[in-house]
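In order, the protein sequences belong to chains A and B.
Residues 1 to 636 in full-length UniProt numbering are what the first sequence lists, from first letter to last.
Residues 1 to 636 in full-length UniProt numbering are what the second sequence lists, from first letter to last.
Any given hint might turn out to be false.
Copies of one chain are not kept apart here, so a pair can be met inside one copy or by any two copies together.
In silico DMTMM-like pairs for lysine to aspartate or glutamate, Cα to Cα no more than 20 angstroms straight-line [as the list claims (entries may be wrong)]:
| no. | residue 1 | residue 2 |
| --- | --- | --- |
| 1 | K439 | E581 |
| 2 | K481 | D208 |
| 3 | K349 | D577 |
| 4 | K325 | D577 |
| 5 | K44 | E545 |
| 6 | K52 | D95 |
| 7 | K212 | D577 |
| 8 | K50 | D437 |
| 9 | K325 | D627 |
| 10 | K357 | E537 |
| 11 | K44 | D70 |
| 12 | K100 | D627 |
| 13 | K449 | D577 |
| 14 | K303 | D70 |
| 15 | K481 | E555 |
| 16 | K75 | E546 |
| 17 | K559 | E548 |
| 18 | K100 | E511 |
No lab work stands behind these hints: they were computed from the structure.
2 protein chains.
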Amino acid sequence: MGVTSDRVEYVCRYGGNGTTTSGVNVSIAAEVTMEIHSVCLPPKESTFQKLKHRLSEIFFPDDPLYRFKDQTWCKKLVLGLQFLFPILQWGSHYDLNLFKSDVVSGLTIASLAIPQGISYAQLANLPPIIGLYSSFVPPLMYSLLGSSRHLAVGPVSIASLVMGTMLSEKVSPVQHPTLYLKLAFTATFFAGLFQASLGFLRLGLVIDFLSKATLVGFMAGAAIIVSLQQLKGLLGIVHFTTKMQLIPVLTSVFHHTKESMKKPKLFWISAAAPLTSVILSTLLVFLIKSKVHGISIIGHLQKGLNPTSTNMLYFNGQYLALAIKTGIVTGILSLTEGIAVGRTFASLKNYQVDGNKEMMAIGLMNMASSCTSCYVTTGSFSRSAVNYNAGAQTAVSNIVLAGTVLVTLLFLMPLFYYTPNVILAAIIITAVIGLIDYKAAYKLWKVDKLDFLACICSFFGVLFISVPLGLGIAVGVSVVKILLHVTRPNTLVLGNIPATQIYQSLNRYKEASRVPSFLILAIESPIYFANSTYLQERLLRWVQEEEERIKANHESTLKCIIIDMTSVTAIDTSGIDMVCELKKMLEKRSLVLVLVNPVGSVMEKMHRSNFLGTNSLFLTVGEAVADISASWKPQP
Amino acid sequence: MGVTSDRVEYVCRYGGNGTTTSGVNVSIAAEVTMEIHSVCLPPKESTFQKLKHRLSEIFFPDDPLYRFKDQTWCKKLVLGLQFLFPILQWGSHYDLNLFKSDVVSGLTIASLAIPQGISYAQLANLPPIIGLYSSFVPPLMYSLLGSSRHLAVGPVSIASLVMGTMLSEKVSPVQHPTLYLKLAFTATFFAGLFQASLGFLRLGLVIDFLSKATLVGFMAGAAIIVSLQQLKGLLGIVHFTTKMQLIPVLTSVFHHTKESMKKPKLFWISAAAPLTSVILSTLLVFLIKSKVHGISIIGHLQKGLNPTSTNMLYFNGQYLALAIKTGIVTGILSLTEGIAVGRTFASLKNYQVDGNKEMMAIGLMNMASSCTSCYVTTGSFSRSAVNYNAGAQTAVSNIVLAGTVLVTLLFLMPLFYYTPNVILAAIIITAVIGLIDYKAAYKLWKVDKLDFLACICSFFGVLFISVPLGLGIAVGVSVVKILLHVTRPNTLVLGNIPATQIYQSLNRYKEASRVPSFLILAIESPIYFANSTYLQERLLRWVQEEEERIKANHESTLKCIIIDMTSVTAIDTSGIDMVCELKKMLEKRSLVLVLVNPVGSVMEKMHRSNFLGTNSLFLTVGEAVADISASWKPQP
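Same shape as in the complex, but just chain A (with noise of 0.2 angstroms):
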């Protein structure tokens, strides 16, 4: 209270009219010994509290420290441990009625995890087993470093459709093996690092700019890409086999991923789909393969674990720039769906995913698979939510996904070696035919047509331009939706309810009505150098149709502006300028200007550019009104 300008404080009289709306009797009492409040300054900062504080909010708005206060240094190295490790955090009490709950989803999620990564590692372009590599260390890794409980970690097919676009552009996967596969590792370390600088910076707030609208429209257009790309395969395929076979399984795997989606209860059916599919179709491939020549078919598969790729990064040359951006578009994409998924299925159980060790997680993750021959990985969406209906508990199911992945490797892979490609362009069409999410872009539309068009943007963008691209300029446009939102903010008239201290609207309130002698303007914005013209072009105008009705209708002239300013968020130095030059014009005109309600930064910085004077500030627009009203009366 102490830096408060000056304390205007007296007494008026204010007389209610005490009319009957709506049928409710209202009895105000008709005179009401009304005070006038005055506007106070925000308490004061220095310079570097006020940076702090700034600074605190936009990389720490989650108080990570907020655990370690008050603790002795020992409580405090446990809880640094338990923070890069959650696993010790949760791991004390774990018990058998988890693990058991944990061994069922981990063995779910694997019968989803080896079809799907086999598939989307053709996704990339990759060798079918780096899929299975990717399924192994990753989700090991995870366990250790993750915080959220129901993420099932592996290739996903987003990530994976981007890498094999981005890279194949430039570099083909048939021609040149072993080049590709370098990049591919080191675009995933790329990935890793950036995603882990992300989280270290605390820069989490990258990721906010990549809206649900955008990625409504990305994934629908990735979605066609691939399934383009896949049915061209397989039709040259169904030319060979007999049509009648591959149609009911296609159907089966179509139709049981979608209802799976709708009844979690059914979880298990799309579940097993994949892998039921995948038995199926190698047993029959097997059967007939005397008859039938000329299948794609997987092949031979090499057994055994992971073998180490640090050999394969590749740190100089001219496919590095590629390797980077291929990195930092993968990164930032599986960074999105990881958190995002996390998150979900946080709030579902009520914990908290922390997004920036999040960041540092999977960044973490994807550094250390990118030396162990696998590829960018994240939370999937499909799986964890399997893995969520399965009952998972803890991050153990993902420890029993690698296991079983493990025994895969080791033993299981001369399984595959007649499991025909085209069951694996199947697994992948459904998958992606899932992202078509054309309910969610039908929402957007009825909802707020510039979503929409943000949606719409990044759609074509990636179906016709290319994937980076698509993404910019779906980002762009949500940009420029903010920009244009401050750039042309509303602007309203307000009037009072009768009986009321309430201003409202006059075009949304029809019971409000305008105070004669008074226009009350609210402003819908901050003011900014970007608006500050067009709000002041604006305001004048609203004075001069006021001023015109006013001359119309032969009411009594108008003498004084109110700006309600309790939404002018934020100001800076050229909107200052507007609003001391907008007074200063009003004044040439015998008006006066009043503001009402700034909040506490603008109110800081009128009052530290010398603009406030005596009387031209008030609480409320209905003290503002009684007051100014009150001083117009002859004094008795």
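With chain A's structure known, arrange chain B on it following the hints.
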């Protein structure tokens, strides 16, 4: 009112507590019958109407067709012509008195424009005579097309400097003078085309993104570059001539110009100084030419009017991109200066300058000028100020200026033969030093640190990187500032100011107090994809902190969270999803979520996404608190 979801209207008892604050006795009737007001939807509009409304606010905020409403066709034609050629508007009632004022001011600015024209042409690495040509045709064009009465048109320092810097980076004006000249004219043509297109497409909002902060930094950086360049030449010359004679001239020039900015009454000193310096120094050189050798002089200037330069325009070849880029950068800078100057003096004399019309006028002027051997021109701030102070009344002062330049071009060219280049350097330095507005920079620092940052970025960017990149960085910083405000918005805890219905920040208003069992929060920003995750976490953190505080103080348990949406000026689909999710999460903790006073567009979107439940919307915080507390009391 037809679309209101369900109008909640019932009466509840609400007891005021009648405390005494600040020594003023507040006597609110202890039992006031209170009406609960419903929240209305805005009037229904079709998508097309909304789009029309939105586009008209974006592109036609000044409602330019307003004057054509309810007019006959003949009158509309006259008004249309007057709109295109404002001279038709004031030309009919032009009289001798106005003409007298215009002649005086026209001659005054001519005495400033001729030496400045020659100097600025040198700044752009162009022959001095181009500066004179550019002070002849553009003022004539502007007097026909322009709507400002005080703008003095001609070459300006910023545009000259930028053109000189950008072109000479690629093409040497010494080695390839003709190519350089061609590029300058071509850049001027594209500058004009760009400006006219912006005006025609009503994209005036583009120049709003060059904030004052950016320009302060930019001009200071540019001024330093120019001064260093010119000083190099200046010191080279000083070596040959006698120091003692130069210094007084320089000091007097500096002194006078600086003084006149502060005291408009002495404007003629500043106006006369450059011409006086030129005359005196020319005389001096003429007198000492036999004694001292090596003084660089202007030399022979060709008599005669502007030659046509249509054959010099350059529409293909390797430098076309350079010319276009230079044209766009100089075009946008000169436009910003011209419009800002025009608006400043228009507001002093209380008339309107139509931004988009001005862009078209300046653009057409530059396109036409590029065909008559002129380079980029616009309204100069210093000369317009002199023009205004000398009593200019209409654009006729520009015609007088052009006439004076015409006489100079036809008859007085030989007089400039002995004018030393050093005096031109002095004029340039004097002009640009005035652009370093350290006071404005200090004010930026004092009022808004982020504006100061944009200013500093622009300053160092221009000084150490390059003109377009420096400007780009500064605009980027300004945009990031807007985005940052949206990404990490302010959230407040509100409390009741006793004996009122006012709810204000607890942190700012010490008299405000918490309402038991309620947590009242306010969000000071639109809710977008870019901040929905942050806001959800932040709001939950407020709830958690409140619950801990209540536990520590043994207060009554928290039952209801009220969010004051007054300052939430927009919402998108991610924002709506966030609010829905928040509601669900709070319900799990047995907390009720209530929204207060959503603005029109937010209300509409929530309605369309079927978010609205009954009893979760109120018009004011006071009514929400009263109604919800009443519902908790046992019914009698």
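Status of the hints after comparison with the structure:
1. Only between protomers do K439 and E581 lie at most 20 angstroms apart by alpha-carbon distance; the minimum there is 19 angstroms, versus 49 angstroms within a single protomer.
2. Proximity of K481 to D208 under the C-alpha cut-off of 20 angstroms is found in both arrangements, the shortest distances being 15 angstroms within a copy and 16 angstroms between copies.
3. Taking the closest pair of Cα atoms, K349 and D577 come within 20 angstroms of each other only across two copies (18 angstroms); inside a single copy the shortest separation is 51 angstroms, beyond that limit.
4. For the identical chains of this complex, K325 and D577 are neighbours neither inside a copy (44 angstroms) nor across copies (32 angstroms), given an alpha-carbon limit of 20 angstroms.
5. In this assembly of identical chains, K44 and E545 lie within 20 angstroms of each other by CA distance neither inside one copy nor across copies; the values are 41 angstroms within and 23 angstroms between.
6. In this assembly of identical chains, the alpha carbons of K52 and D95 never lie at most 20 angstroms apart, being 44 angstroms within a copy and 64 angstroms across copies at closest.
7. For the homomeric pair K212 and D577, the shortest alpha-carbon distance between copies (10 angstroms) is at most 20 angstroms, but the shortest distance inside one copy (38 angstroms) is not.
8. For the homomeric pair K50 and D437, neither the shortest alpha-carbon distance inside one copy (44 angstroms) nor that between copies (27 angstroms) is at most 20 angstroms.
9. In this assembly of identical chains, K325 and D627 lie within 20 angstroms of each other by CA distance neither inside one copy nor across copies; the values are 63 angstroms within and 57 angstroms between.
10. In the homo-oligomer, the alpha carbons of K357 and E537 lie at most 20 angstroms apart only across protomers (15 angstroms), although the nearest pairing inside one protomer, at 48 angstroms, exceeds that limit.
11. Taking the closest pair of Cα atoms, K44 and D70 never come within 20 angstroms of each other, the shortest separation being 27 angstroms inside a single copy and 56 angstroms across copies.
12. With identical chains, the CA atoms of K100 and D627 are never at most 20 angstroms apart, being 72 angstroms at best within one copy and 50 angstroms at best between copies.
13. In the homo-oligomer, the alpha carbons of K449 and D577 lie at most 20 angstroms apart only across protomers (16 angstroms), although the nearest pairing inside one protomer, at 34 angstroms, exceeds that limit.
14. In this assembly of identical chains, K303 and D70 lie within 20 angstroms of each other by CA distance neither inside one copy nor across copies; the values are 53 angstroms within and 86 angstroms between.
15. For the homomeric pair K481 and E555, neither the shortest alpha-carbon distance inside one copy (41 angstroms) nor that between copies (44 angstroms) is at most 20 angstroms.
16. Neither within a single protomer nor between protomers do K75 and E546 lie at most 20 angstroms apart by alpha-carbon distance, with minima of 67 angstroms and 26 angstroms respectively.
17. Only within a single protomer do K559 and E548 lie at most 20 angstroms apart by alpha-carbon distance; the minimum there is 14 angstroms, versus 51 angstroms between protomers.
18. Taking the shortest alpha-carbon separations for K100 and E511, neither the intra-copy value of 64 angstroms nor the inter-copy value of 57 angstroms comes in at or below 20 angstroms.
Taken one by one, the earlier hints fail for this structure at numbers 4, 5, 6, 8, 9, 11, 12, 14, 15, 16 and 18, listed in ascending order.
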